[in-house]
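S.K.: Based on the sequences and whatever the hints tell you, model everything.
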Amino acid sequence: MSLIESLPRARSPRLPRAEGLIQWIVPLAIVLIWQAACVTGLVPARVLPAPSDVALAGWKLLQSGELARNIWVSFWRAGAGFVIGGGIGFAFGLANGLSQLSNKLTDTTLQMVRNIPHLALIPLVILWFGIDESAKLFLVALGVFFPIYLNTLHGIRTVDPQLIEMGRIYGMTDGELFRRVIFPGALPSIFVGVRFALGIMWLTLIVAETIAASSGLGYMAMQAREFMQIDVVVFSILIYALLGKLADSASRVLERLTLSWHPAFQKR
Amino acid sequence: MQEAVRFLLPDAEPVDTDFIEQARLARRGSKAASRGLPLTIRGLRKSFGDNEVLRGIDLHIPAGQFVAIVGRSGCGKSTLLRLIAGLETIDAGAISFGEETRPEDVRMMFQEPRLLPWARVLSNVEVGLGRDRASSDAQARAEKALAEVGLDDKRGQWPAVLSGGQKQRVALARALVSDPRVLAFDEPLGALDALTRISMQRLLERVWHDQAFTAILVTHDVSEAVALADRVLVIEHGRIAHDVNVDIPRPRRRGSADLAETEGSILNNLLEGADDTSDL
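Residue numbers (the numbering used here), protein chains in the order written: chain A, 1 to 268; chain B, 269 to 548.
Derived by calculation from the structure, the hints in this document are not laboratory data.
Each hint should be verified, as a subset may be incorrect.
Heads up, incomplete: computed chain A residues facing chain B, CB under 7 Å, no partners named [stated by the list, open to error]:
id, residue
1, Q162
2, M166
3, P184
4, P188
5, A264
Over the 12 Å line for every Cβ pair with chain A, so calculated as not near, a few chain B residues [to be verified]:
id, residue
6, F316
7, G433
8, S467
9, L538
Bear in mind the structure is a predicted one, so any value in this text is a computation, not a measurement.
Glycine residues also receive a C-beta, built at the ideal position from the N, C-alpha and C atoms.
M.R.: Right under this line is the structure:
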């Protein structure tokens, strides 16, 4: 029963505003239990600081401007790496989806590279780029490339051939066929790739910043560890969760805007 | 009525039915002067690999005629239609429309509506304009075609919210919007329920009557063929086995004795053809 409930129904009633708050009950309860456990001494502060202490640490970081600076640095790296890697992945996905020759030429190579865990390249990347910006951008771009490449390729391959035949009968040029049939048809799959890529983007960036950086959120957390500031470490981890959620929400909004034709996104 | 139903032998030369058709049009009187193109097919053959699907088709369809093609699954009727619509290449023989045609002159409607799910109803109809899509009156023409099929109030909808019959009507509007002179239908009503089917048949008959194109309908439903067509071709083993003129005045009353009699004799032909085959 409960499995089926989460599937879309023909006319599921929209959740009233009050019920939209349901999703926040569990996180709120966890914070309350956590606070209670710390205050009663059940969990020593050396292991896990109370939420109030974490919030205080965050407030101090915010006031000193350190937080904003580090978030901005990380955000910039993530965005730039995403655009570079995603752009290249999208281009290869298009080329290999539309051209047999291009697919034969590059797909096998790309599939081989895909099977290397990109974080395994960190030692090599440090040797190549040092702990420079380019090292982080390279790793993020590489991590983001594959989900976008694979899903763009899959999206183009699975466009309904009957629609393509229809487009040809009605005299669409190759450009029109791409713009009006192939790209919109591939878009839902491309968005799946984007959401996967966003997850990999944060993961890669945090790991890279933790190992080799002199600024950014990962660096902030590692520095706090050196000084035993466990509240700052926990605060950094919470910021990751928040940024990840924000990125996911942003892609959902974009999805809703561009896929409004799709039955799954129609508000009825 | 009996003498109006003529059967031709499979190997008979294509008979020039123009004069019969013209006489009938004159008698009926109400039909608009035909804008349709005549269609002549000579020695048409088509194979897919080792499988010879069409084994020499000779056929003449006068301008403006409504022809139905029936036959059992795999007899080659859809292949014939796809060749007429230019969707497959011809192995041998020729298809000619009497004069040079533009792509917009010959349109095809499929069993599936094949609407673009990401385009609103009106843009889907505009697709049918072909190279005229960019012209200034494109929207007006699309609106007119939508009104023709009675869906002008759905112009801003996504295809996903339409019913099966409505989607097929949008597909019909898309086929009509370029004012085609030959319209090929590949079982366009096959996926619809019985009632929607009957109203769609009436709609097809009406637009054919109003716009006077040459209509070629492939169907496996003999009663549909008899209700709509001037002439029914039975295809067996890649050849035209029977060529039946259905000279029943329009509007035809569904379930009338005339229709039932013609339908019965065509069904008999189909079943006879089935008896002498070993591939059942």
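S.K.: Take the hints in turn and mark each one as holding or not.
M.R.: Hint by hint, here is what the structure shows:
1. Q162: holds (5 Å)
2. M166: holds (4 Å)
3. P184: Constraint on P184/A satisfied, holds at 4 Å.
4. P188: violated (10 Å)
5. A264: violated (10 Å)
6. F316: holds (16 Å)
7. G433: Nearest chain A Cβ is 18 Å from G433/B, so the label holds.
8. S467: Answer for S467/B: holds, closest chain A Cβ roughly 24 Å.
9. L538: holds (28 Å)
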